[in-house]
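As they're listed, the protein sequences go chains A and B.
Going by this note's numbering, the first residue of the first sequence is number 1, and it counts up by one from there.
Going by this note's numbering, the first residue of the second sequence is number 1, and it counts up by one from there.
In case anyone wonders, no lab produced these hints; they're calculated from the structure.
Using N, Cα and C, we set each Cβ at its ideal position, and we do this for glycine too.
Careful: at least some of the hints might be erroneous.
Claimed, not checked - Some chain B residues near chain A, calculated using beta-carbon distances under 8 Å: (1) Ala20; (2) Asp32; (3) Ile124.
Stated by the list, open to error - Derived SDA-like pairs: lysine to any residue, alpha-carbon spacing no greater than 20 Å straight-line: (4) Lys77/A x Pro88/A; (5) Lys33/B x Met60/A; (6) Lys58/A x Asp19/B; (7) Lys173/B x Thr3/A.
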Amino acid sequence: MLTAYGADRARWPADQRRRLKSVSLDERLTEEEAVERELDLLLGASSEPKAPADLHAKVMATFPRMPARPGILDDIKTLVRRMARPAPAGAFAALGFAGFMIGAMTNEGVSLPPEREAYAYAEDAAFEFSGEEDGAWDVE
Amino acid sequence: MEPSFLSDDALVEQAGQGDAQAATALVERHADKIFAVCFRTLRDRQHAEDAVQETFVNLWTNASQWRSDGGKLEAWLYRVAVNNCLSMLRKQRREAPQEAAPEQVDGRPRPDDDYLAAERRVLIDKALLALPDRQRAAIALCHFEDLSNIDAAAAMEISVEALESLLSRGRRKLRALLIDERDYLTGMMRDDTAN
Numbered sequence: 001m002l003t004a005y006g007a008d009r010a011r012w013p014a015d016q017r018r019r020l021k022s023v024s025l026d027e028r029l030t031e032e033e034a035v036e037r038e039l040d041l042l043l044g045a046s047s048e049p050k051a052p053a054d055l056h057a058k059v060m061a062t063f064p065r066m067p068a069r070p071g072i073l074d075d076i077k078t079l080v081r082r083m084a085r086p087a088p089a090g091a092f093a094a095l096g097f098a099g100f101m102i103g104a105m106t107n108e109g110v111s112l113p114p115e116r117e118a119y120a121y122a123e124d125a126a127f128e129f130s131g132e133e134d135g136a137w138d139v140e
Numbered sequence: 001m002e003p004s005f006l007s008d009d010a011l012v013e014q015a016g017q018g019d020a021q022a023a024t025a026l027v028e029r030h031a032d033k034i035f036a037v038c039f040r041t042l043r044d045r046q047h048a049e050d051a052v053q054e055t056f057v058n059l060w061t062n063a064s065q066w067r068s069d070g071g072k073l074e075a076w077l078y079r080v081a082v083n084n085c086l087s088m089l090r091k092q093r094r095e096a097p098q099e100a101a102p103e104q105v106d107g108r109p110r111p112d113d114d115y116l117a118a119e120r121r122v123l124i125d126k127a128l129l130a131l132p133d134r135q136r137a138a139i140a141l142c143h144f145e146d147l148s149n150i151d152a153a154a155a156m157e158i159s160v161e162a163l164e165s166l167l168s169r170g171r172r173k174l175r176a177l178l179i180d181e182r183d184y185l186t187g188m189m190r191d192d193t194a195n
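Using the sequences provided together with the hints, build the complete structure.
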């Protein structure tokens, strides 16, 4: 105990201190104790490490700055931003489809040039064989 | 709750989630003590600062998975700090074997010192410097930081018996180193006391 922990019994492990409380030191150990006491005194006179004033700031500079947890408003903004990204292509496609549908529905009202009108009439007309000899076709 | 009132475990948990206030509270609570051990082991202010920073970087890295498991944060910090110091000393030796031991003993008298006290401090610091690293670390933890033998042994990751052996050998070597100066040093101390 003396050689490891020095002469100050307050530094000894509590159990050893209790155990050796009543033990009286012989002459040799008394001398040893005096030497260890001197060494304790000398150690007490060594440099006191005083932490530098900026130590805490330097240590805190190593603390990783993590981004703050986003709130619900940030979550909504992110969602809207993500959804907005494919919107132009989708909008063009929707517009194209709408145009096609409108065109198809209003097709009947479109007027054709006269020659095309005639063809259209001929195509639409029902032809019937009249049965006459000249083989003429009656047009209804 | 004010971070300074929280337990170490609670602060580490919060620091692990990025809470800078909790981290500051931990630094204010422990950094100076860790610096003292690092300085006494390394005997160099700049290296001691580096070792403290490295120790806290280890803490930040492990903070999010921190489990106390009944152990104290302080004991963990001491263990990491001593490991860092011993690694630094080993690295210094590898890189510059001729400059094996750190040689920076601050012998400048402080404003509140007298010349004799400064001289005495230099002699004792030199003797401490001459100790093997692990013996010096053991003395720093037990003698200067007043850690119990169990905590000091845990910090050095050795058994209590091995710690006591380091302490005994360290003190024996110190006595041998200071024996020539013993009368002079103790005489100076008696003079100081008389004054």
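Hints violated by the structure (numbers, ascending): Nothing - there is no hint that the structure violates, so all of them hold.
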